[in-house]
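Chemist: Each chain, written out:
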Amino acid sequence: DAGVIQSPRHEVTEMGQEVTLRCKPISGHNSLFWYRQTMMRGLELLIYFNNNVPIDDSGMPEDRFSAKMPNASFSTLKIQPSEPRDSAVYFCASSFSGTTGAFFGQGTRLTVV
Amino acid sequence: AQSVSQHNHHVILSEAASLELGCNYSYGGTVNLFWYVQYPGQHLQLLLKYFSGDPLVKGIKGFEAEFIKSKFSFNLRKPSVQWSDTAEYFCAVISDYKLSFGAGTTVTVRA
Numbered sequence: 001d002a003g004v005i006q007s008p009r010h011e012v013t014e015m016g017q018e019v020t021l022r023c024k025p026i027s028g029h030n031s032l033f034w035y036r037q038t039m040m041r042g043l044e045l046l047i048y049f050n051n052n053v054p055i056d057d058s059g060m061p062e063d064r065f066s067a068k069m070p071n072a073s074f075s076t077l078k079i080q081p082s083e084p085r086d087s088a089v090y091f092c093a094s095s096f097s098g099t100t101g102a103f104f105g106q107g108t109r110l111t112v113v
Numbered sequence: 001a002q003s004v005s006q007h008n009h010h011v012i013l014s015e016a017a018s019l020e021l022g023c024n025y026s027y028g029g030t031v032n033l034f035w036y037v038q039y040p041g042q043h044l045q046l047l048l049k050y051f052s053g054d055p056l057v058k059g060i061k062g063f064e065a066e067f068i069k070s071k072f073s074f075n076l077r078k079p080s081v082q083w084s085d086t087a088e089y090f091c092a093v094i095s096d097y098k099l100s101f102g103a104g105t106t107v108t109v110r111a
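Read top to bottom, the protein sequences are chains S and G.
Using this note's numbering, read the first sequence as starting at 1 and increasing by one per residue.
Using this note's numbering, read the second sequence as starting at 1 and increasing by one per residue.
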């Protein structure tokens, strides 16, 4: 298995633009997590899904953020419109019902200028 | 709500010294516990995990952790660190499918 795959690895965009981050979890895993990591705030859980259903999105900072998981093998995190303070590394992770521990993707480094 | 607290923000030590990082969690139900490591510029990698059974868990790279239920603690240890152990270490708890992390401890090992 290739592990959790995120794309793009790096994204530079202008303020106000829409940004879409993508994640392919490990095959067979049924939980998916989106995290944001910054120096100031550390690792923050934004949202997590179980069996493609959003369970808790209380970590999503604003309405500008949205996440979807249309099927078991794909999830997106969208920011619209993006702002400079959204600059961070966004990680996606997946696990099997919490029993395996979560496996992380390489992350997407987002820079909003 | 569950939470995870790590006692140390930054630890600096010399090679061959022993390392212990504290972690406490607050949740009354069944939890699974983890330690992750993040090397500079990389993603988080699983060091070790505890689900049940022997409370002393051995992980990769010579790390171990002890689960003490009465203290809600899951401390990470390594008897003798190397320069390559320089990284950020995160304690994590998963319960009801939610995976929560502590704030992390930066470990700097001086040669």
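Just so you know, the hints here were simulated from the structure itself, not pulled from any lab data.
Hints are supplied without guarantee of correctness; some may be wrong.
What the hints assert, rightly or not - Calculated cross-link-like contacts (lysine-lysine; reagent style DSS-like; alpha-carbon spacing at most 30 Å):
#, chain 1, residue 1, chain 2, residue 2
1, G, Lys49, G, Lys78
2, S, Lys78, G, Lys98
3, G, Lys71, G, Lys61
4, G, Lys49, G, Lys98
5, S, Lys24, G, Lys49
6, G, Lys98, G, Lys69
7, G, Lys98, G, Lys61
8, G, Lys69, G, Lys58
9, G, Lys49, S, Lys68
10, G, Lys98, S, Lys68
11, G, Lys98, S, Lys24
12, G, Lys98, G, Lys78
13, S, Lys24, S, Lys78
14, G, Lys71, G, Lys58
15, G, Lys98, G, Lys71
16, G, Lys49, G, Lys69
17, G, Lys78, G, Lys58
18, S, Lys24, G, Lys61
Bear in mind the structure is a predicted one, so any value in this text is a computation, not a measurement.
Chemist: So, for every hint listed, does it hold in this structure?
Modeler: Results for each hint:
no., hint, verdict
1, G:Lys49 - G:Lys78, "holds (15 Å)"
2, S:Lys78 - G:Lys98, "holds (21 Å)"
3, G:Lys71 - G:Lys61, "holds (26 Å)"
4, G:Lys49 - G:Lys98, "holds (15 Å)"
5, S:Lys24 - G:Lys49, "holds (24 Å)"
6, G:Lys98 - G:Lys69, "holds (20 Å)"
7, G:Lys98 - G:Lys61, "holds (27 Å)"
8, G:Lys69 - G:Lys58, "holds (17 Å)"
9, G:Lys49 - S:Lys68, "holds (29 Å)"
10, G:Lys98 - S:Lys68, "holds (17 Å)"
11, G:Lys98 - S:Lys24, "holds (19 Å)"
12, G:Lys98 - G:Lys78, "holds (28 Å)"
13, S:Lys24 - S:Lys78, "holds (15 Å)"
14, G:Lys71 - G:Lys58, "holds (20 Å)"
15, G:Lys98 - G:Lys71, "holds (21 Å)"
16, G:Lys49 - G:Lys69, "holds (15 Å)"
17, G:Lys78 - G:Lys58, "holds (10 Å)"
18, S:Lys24 - G:Lys61, "holds (28 Å)"
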